[in-house]
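Residue numbers (my numbering), protein chains in the order written: chain A, 1 to 248; chain B, 1 to 248; chain C, 1 to 248; chain D, 1 to 248; chain E, 1 to 248; chain F, 1 to 248.
One or more hints might be untrue.
Simulated crosslink set (DSBU-like; lysine-lysine; CA at most 35 Å straight-line) [what the hints assert, rightly or not]:
(1) D:K235 with D:K185
(2) E:K157 with E:K235
(3) F:K185 with E:K235
(4) E:K17 with E:K227
(5) E:K103 with E:K157
(6) B:K185 with A:K17
(7) A:K157 with F:K235
(8) A:K227 with B:K227
Quick list of the computed label-pair ranges, beta carbon to beta carbon [to be verified]:
(9) E:P134 with B:Q186: 44 to 52 Å
(10) B:Q163 with C:N239: 26 to 34 Å
(11) A:V13 with B:Q163: 45 to 53 Å
(12) E:P134 with A:E248: 22 to 30 Å
(13) B:G111 with C:D162: 50 to 58 Å
(14) B:D192 with C:A203: 51 to 59 Å
(15) F:W153 with C:A203: 55 to 63 Å
(16) E:A246 with F:K17: 52 to 60 Å
Keep in mind that the hints were calculated from the coordinates and are not lab data. Backbone N, C-alpha and C define an ideal beta-carbon position, used for all residues, glycine too.
As a plain string of letters, each chain reads:
Protein chains: 6
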Amino acid sequence: MLLHLSTWPEVEVYLEKSKGIILPIGSTEQHGPTGLIGTDAICAEAIARGVGEGINAMVCPTINVGMALHHTAFPGSISLRPSTMIMVIRDYITCLAKAGFTKYFFINGHGGNIATMKAAFSETYQHLADLNIPNAEQVQCTVGNWFMCGSVWKLAKELYGDQEGSHATPSEVAVTQYVYPESIKQAPLSPDVGAGHSIYGAADFRRRYPDGRMGSNPALATPEHGKQFYDLAVKELSNNYLEFLAAE
Amino acid sequence: MLLHLSTWPEVEVYLEKSKGIILPIGSTEQHGPTGLIGTDAICAEAIARGVGEGINAMVCPTINVGMALHHTAFPGSISLRPSTMIMVIRDYITCLAKAGFTKYFFINGHGGNIATMKAAFSETYQHLADLNIPNAEQVQCTVGNWFMCGSVWKLAKELYGDQEGSHATPSEVAVTQYVYPESIKQAPLSPDVGAGHSIYGAADFRRRYPDGRMGSNPALATPEHGKQFYDLAVKELSNNYLEFLAAE
Amino acid sequence: MLLHLSTWPEVEVYLEKSKGIILPIGSTEQHGPTGLIGTDAICAEAIARGVGEGINAMVCPTINVGMALHHTAFPGSISLRPSTMIMVIRDYITCLAKAGFTKYFFINGHGGNIATMKAAFSETYQHLADLNIPNAEQVQCTVGNWFMCGSVWKLAKELYGDQEGSHATPSEVAVTQYVYPESIKQAPLSPDVGAGHSIYGAADFRRRYPDGRMGSNPALATPEHGKQFYDLAVKELSNNYLEFLAAE
Amino acid sequence: MLLHLSTWPEVEVYLEKSKGIILPIGSTEQHGPTGLIGTDAICAEAIARGVGEGINAMVCPTINVGMALHHTAFPGSISLRPSTMIMVIRDYITCLAKAGFTKYFFINGHGGNIATMKAAFSETYQHLADLNIPNAEQVQCTVGNWFMCGSVWKLAKELYGDQEGSHATPSEVAVTQYVYPESIKQAPLSPDVGAGHSIYGAADFRRRYPDGRMGSNPALATPEHGKQFYDLAVKELSNNYLEFLAAE
Amino acid sequence: MLLHLSTWPEVEVYLEKSKGIILPIGSTEQHGPTGLIGTDAICAEAIARGVGEGINAMVCPTINVGMALHHTAFPGSISLRPSTMIMVIRDYITCLAKAGFTKYFFINGHGGNIATMKAAFSETYQHLADLNIPNAEQVQCTVGNWFMCGSVWKLAKELYGDQEGSHATPSEVAVTQYVYPESIKQAPLSPDVGAGHSIYGAADFRRRYPDGRMGSNPALATPEHGKQFYDLAVKELSNNYLEFLAAE
Amino acid sequence: MLLHLSTWPEVEVYLEKSKGIILPIGSTEQHGPTGLIGTDAICAEAIARGVGEGINAMVCPTINVGMALHHTAFPGSISLRPSTMIMVIRDYITCLAKAGFTKYFFINGHGGNIATMKAAFSETYQHLADLNIPNAEQVQCTVGNWFMCGSVWKLAKELYGDQEGSHATPSEVAVTQYVYPESIKQAPLSPDVGAGHSIYGAADFRRRYPDGRMGSNPALATPEHGKQFYDLAVKELSNNYLEFLAAE
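All chains, please: the whole structure from these sequences, using the hints.
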């Protein structure tokens, strides 16, 4: 079930049988010369909807913009500051918790979001406790990073080896090619690609990674690979969600 | 052009010929017994993309959650607090302004967003001036509310008269039916519907408007009407955008 | 009754018979070559006190500084940022709500305040609900803009036609002349006056409106006109307040 | 000169000969059974205007609401939280500093404001330095507390001895009687009055000081005393302001 | 008892017999050519632990960084902004109040902290009241400034007269020499030392006080003096703490 | 070199040869029935000072309180909210960056700090870029978690196997025993210890981990083990720091 395609009475009925909700979260940031700026949101959304459909779970509208400050020296990148993102997540969960949702499963498409999400969860638990919402103590949040699923990781290594890299990777590009086959981009990719540098500020990032890729060769991606990654991620995260729901 | 389906070099090229960008903004809130919770985001996104396609303008990913605190006593509604939303909009524009965008045309699907958006624009102009970004003084933001377009309003009155109401209206429901014909909902609608009350807090709102509608009869909506509204809004807002771009 | 000229036991007695309070809110901003910087606060305060006196309603001290960031390229203008103003209004209402006030009628002298005030009301309703103050759900805020009163508007059009303009208007200048006849200012006014431009940041505003006026000819103002506007605004807003109090 | 009764060109002329401005700041809080809720703002405003008139200094509109959280268990009291008040003062000074003012002389009527004002000054100096405003390093803020003037203190002790107390004092009540002789209040005053307790939260304060007075006997106040206090404070603070302006 | 050397069951036992806690707070800021950057934290910590040991009171870990923005033009100085420090103190007390502590005795080593601490206490009382923590109304905070103890002040005047000054004083340097005899620093001290200037921003401060001292001659300090100051401060503050605990 | 035992001229000299600084950060939180509440700060401080001493690096005063909201249902635990901690770290680095430090090496004793620290670094890079501090683009922050050092981890597994657990671990308790041999605590430890549960809010945490331990048996710790851990961590982190400094 997609929240945005549901009515409020349908949500009311849903809450009688489940307190769980899936929240796709991505980012709007450069993904190298051929990767889509929406890559992280596209992947998270597609996979989250796949999970929701398969196991009849409610899926929230996608958080399209995340924490990508280090990418903002490339045009088209948009980022929340961490302090803003904490308030955004706190606001989302506060509204949903008042309605009765207690199990929040974020399906995340961007490594840069993880730290701020965890900070936001801590801030939110405390905030809810201070509000004395009846079910505040039952609220639980977790993150499922599709690109860190064991099965996904294994396939990426098999298909791409070291050329998987860590940003603008062929695996994530492949998923976007599967979802948006009409938006497959071509551009010359320098064989020399920055890799292994630590991430600091935006200007520094662009100096180290001049075309935006981090050690990756997205030219290896195909839509068929994308379907494979999508299927693996949906399967693994579906299991993870069900375990999360079942846990006390 | 859709920002999320573009690469950063494509954005760089775009910026050479235009400094304008369209930002769809909606809300995630109850829309009565038959209206979709995502109605405002769905309409804003569809119309914004229609505008962008017709006149080759860049369209940002949709801001799916807006200022809907007064709807949050109905399950499934999610809202930012105004203070959070101001920071979100400030963060978006700050990133895009650093990349060179100066003309921000928000296509809005939710009346409840307007006040906070205007507050956010003021906050942002000041913030950018304090940062000494080169083009800070050129930054201009404006809102195009599709549901307030003269042509849309006229058609709504012709088709629905007083039954248009002011929330969960047949016109907005019609647009969602046109965009998502597979998600047309049916439910009994009481002929007695709250209308004309002022809007205060969430609990008060639900007391006055027990099924979420405000004076509307969404049963009048049809997908064909939706196409008409869509076409009118795209046409009128396209002109508005071009005038905005052309203005000094 | 003026709150600042009352004692706390008098407020206690007042609360036994009324939960309503009038809050005048203005701005401290340039009003062209002849308009007083305090125009918006002066008008709001005078009219609010007129209303309070006529119908025995409590009147709060005036909020003298509002949201006028776009005027701050002219010396003497002072503005809160919207995010600050939201916190100010939230703090005012939180204190007064704990004491038992539930009906907040802001009499406003500045169009630029409206958006931020509405944002602040939404933020405040939510905040009060989270505090579990007993009467939080009864709290209602509304804005009465004296310059938008139908009777005021009609007279302004009769007296000044198009020369009323939209900032540093003869109508508001007239009210200040009525209230402070000893502070009537004279200065040459260029017949060419900026008009019809959209409002963005402060530097941009001063470029478009070099002497601060927006399409107005304040030289038409007289203290006698001011008295007429004052009387009309007091009468109309008194009725508005009483209706607001009487409404459920 | 009163800022609110000036035009922006008059401010421009003023800035050619002085960079100083006087900012009256009071509070809106209970002052015992007979003291006016606006006492602190009334005194600060009257004295500030007296100073400004005598030495031709610009006087800002009064900040009517300050930091009075500990009084908020009495109806009619309104307070900013310290974190809000810091932002308010920062916003005021930022606007005025951009216009060229560098010497900020706050005339304060409320002891409870002092700590937060000092915190706000520190926050503001840092903020201005970060903005790279040309004259940021010249910005200087100071507080003149009229009730702590040596001459005022001496007279209060002579007239009232220990019955001066520390809140709702006869000296401040006398000043309000001088300014608003038509608002002199009478009420039985218990001879037993709380005194000497430390100040903590609002509920605690009301328990310790049940009628709001702190060791004072405001029945001793007369309008004639008020004039004496007013004259002394104006004289002493005028000298203080001139010394502040003259200092490097 | 030192909180950081206790276990949580030991704290639980402690709370059965006392609700009081001592919080040392210092600063990390320049103290002239020979004074340690940690002077204020070192003194506060040593004295607080002396107090705690003597009377069996719980001592919190030291807040090492306080409000020292005016010192930040000297390398090595670190400061919180006042708005940050208010949140830090609010967070500390909120955690401890939930555990049952109600009496907070801050032993402070830095004059520049006082205003912000007082602001923080007010903010915190209000915050706790809004949370409806059971014992919120019992929470009391106070500051004991060791350098303002009557006995300390008297000895400093006897030993150093006017050369005590007001920053990088021989008394505080002496205490650090007593605590860290291995870290006694030598450097030429100009006999001309800035004194008597008001404190504004950081750049201004460094201009007025070029070597960081304010009217002081820290060369007069000895470890033996330090022991005397330490003993006097521990004795006087121990009494103050016990009176604070005993007061209702 | 310890910053708090240095003078500002010594810092000035230091900056001529190094732009690096070590910041120990811990937490103040329950560590089971026998672990010290200050465990994380004690370990981070001792190890950071060991590193600084060995390689002549500047060491900042310890941040004693971190992000431990999930431990706050146990008395004695103190936590910053993530949003506060972000501001604290931003303030620290802003001050130090203005003085010329560019390489920030945090030595961390608490896993719960990591996410918020990373969020704070991102927030800070952006903040510094907006300030146009000359060396903003050179600022680099990194975290060295002593308990995650490969050599430490290996020894812990050898000594304790599965009884290392993940909170109140014998390895961290051992380090505190080495540093504070006089504060070794004894208490009966239930052989049944919670393990493997996810971490959510504070009340939930205490329910799952009733005595505060997470799968650990701290009774295995000895001061001798502590010395071994200390030595390994100092050695490994010293190398890490030097590599960090040497990296571009």
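Q | Hint check against the structure, violated hint numbers in rising order | A | 11, 13
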